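Chemist: Sequence:
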Amino acid sequence: MDTPTIFATCQPRPDVLSGATRDEQFMADLSQVVNGTALPDYLDPVLFFRNTFPTRGLRELMKAVCLRLSGRGGEVSPIIRLGTQYGGGKTHGLIAITHAARGMKGVANIADFVDPLLLPTGGVRIAALDGENTDPANGRELEPGLRAFSLWGELAYQLGGAAAYERLRNSDEKHIAPGAEILRELFGNQPTLIMLDEVAVYLRKVERAFPDASRQFTAFVHALFKAVASTPQVALVYTLAIGKDDKAQDAYKEENERAAAALAEAESVAVRSSTALNPPAEDETADVL
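Residue numbers (the numbering used here): 22 to 310.
Treat the hints with caution; some may be incorrect.
As the list claims (entries may be wrong) - Quick list of the computed label-pair ranges, beta carbon to beta carbon:
1) Arg168 - Arg77: 40 to 46 Å
2) Gly127 - Ile197: 41 to 47 Å
3) Glu275 - Thr142: 39 to 45 Å
4) Ala183 - Ala285: 32 to 38 Å
5) Ala158 - Gly182: 22 to 28 Å
6) Arg205 - Gly95: 19 to 25 Å
7) Lys126 - Glu286: 37 to 43 Å
Bear in mind the hints are in silico, worked out from the structure with no lab data behind them.
Predicted model, so just to flag it, every value in this text is computed and none were measured.
Where is the CB? At the ideal position from N, CA and C, for every residue including glycine.
Input sequences plus hints: build the corresponding full structure.
Modeler: Quick look at the structure:
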């Protein structure tokens with residue numbers, strides 16, 4: 022008996038058959054999802070989860086984050102590191118937890134991804150620190166007359182607007198990392214999700230703008246990890262393009278390895294252990310595709 026072809030066993034989605042798919046549909050941008058400007062495929066939780074396969078790692082990630090935000094985390098680590106076996110898995114996972122923090126409204130199959138009872142019922146403040154969208158040399162415009170030059174400037178504004186940014190303005194403009202105490206002030210007593218993505222891209226840019234940038238980045242992640250670990254209902258998820266051999270895998274090899282060293286050092290000081298997850302495991306690649 023002949024083995025059926027892939028065309029006989031796999032039916033493409035209607036948008037593929039009609040030729041309606043576009044390259045930009047496959048370019049996930051975390052910041053755009055958080056600020057509400059992303060394409061519907063990523064911004065609309067119904068569409069997003071309809072086209073997402075619930076891998077083991079993704080389910081573990083969503084469960085851990087929801088438990089932490091609800092204050093029922095117990096032994097759940099406040100800090101989660103995401104790796105990946107191929108491009109796209111990390112950012113896709115961050116978008117998934119963004120939607121989870123917002124309640125996954127309208128999603129019919131929530132239970133495929135996370136226990137519906139674990140979803141936050143109140144407001145969750147969300148900060149997405151995306152290295153690709155930072156502009157350390159010129160500052161990224163936050164609103165008229167206000168620019169952020171550093172990750173901590175971005176963090177302050179995203180969590181508390183202009184008033185919170187003013188609290189850290191000197192640190193941002195001088196590119197001197199703030200301490201853990203002032204970061205705890207930013208968190209307040211509200212459930213807070215912080216996501217750190219594409220750190221290597223940020224490092225490449227900032228190291229050309231500020232000569233002391235690497236050391237200030239290390240000081241910042243130390244303070245951030247300490248503040249997160251000591252504040253209930255705050256979760257931090259960060260990504261690294263580091264393989265199983267602890268070697269960087271992409272065009273930002275040197276920056277990735279410096280970032281990995283700084284983040285690992287911060288973890289060892291601030292928390293007993295972080296949780297390391299790969300949203301798509303190797304044996305799930307076919308299901309994802």
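Chemist: Indicate, hint by hint, whether the structure satisfies it.
Modeler: Checked hints:
1. Look at Arg168 against Arg77: about 41 Å separates their beta carbons, and that is inside 40 to 46 Å.
2. A hinted range of 41 to 47 Å for the beta carbons of Gly127 and Ile197 is consistent with their spacing of about 44 Å.
3. Checked against the given bound of 39 to 45 Å, the beta carbons of Glu275 and Thr142, roughly 44 Å apart, stay inside it.
4. Evaluation of the 32 to 38 Å hint for Ala183 and Ala285 yields a pass: the beta carbon distance comes to about 34 Å.
5. The supplied range of 22 to 28 Å is met by Ala158 and Gly182, whose beta-carbon atoms lie about 24 Å from each other.
6. At roughly 21 Å, the beta carbons of Arg205 and Gly95 sit within the given window of 19 to 25 Å.
7. Distance hint check: the CB atoms of Lys126 and Glu286 are about 39 Å apart, consistent with the given range 37 to 43 Å.
When each numbered hint is compared with the structure, no violation occurs for any of them.
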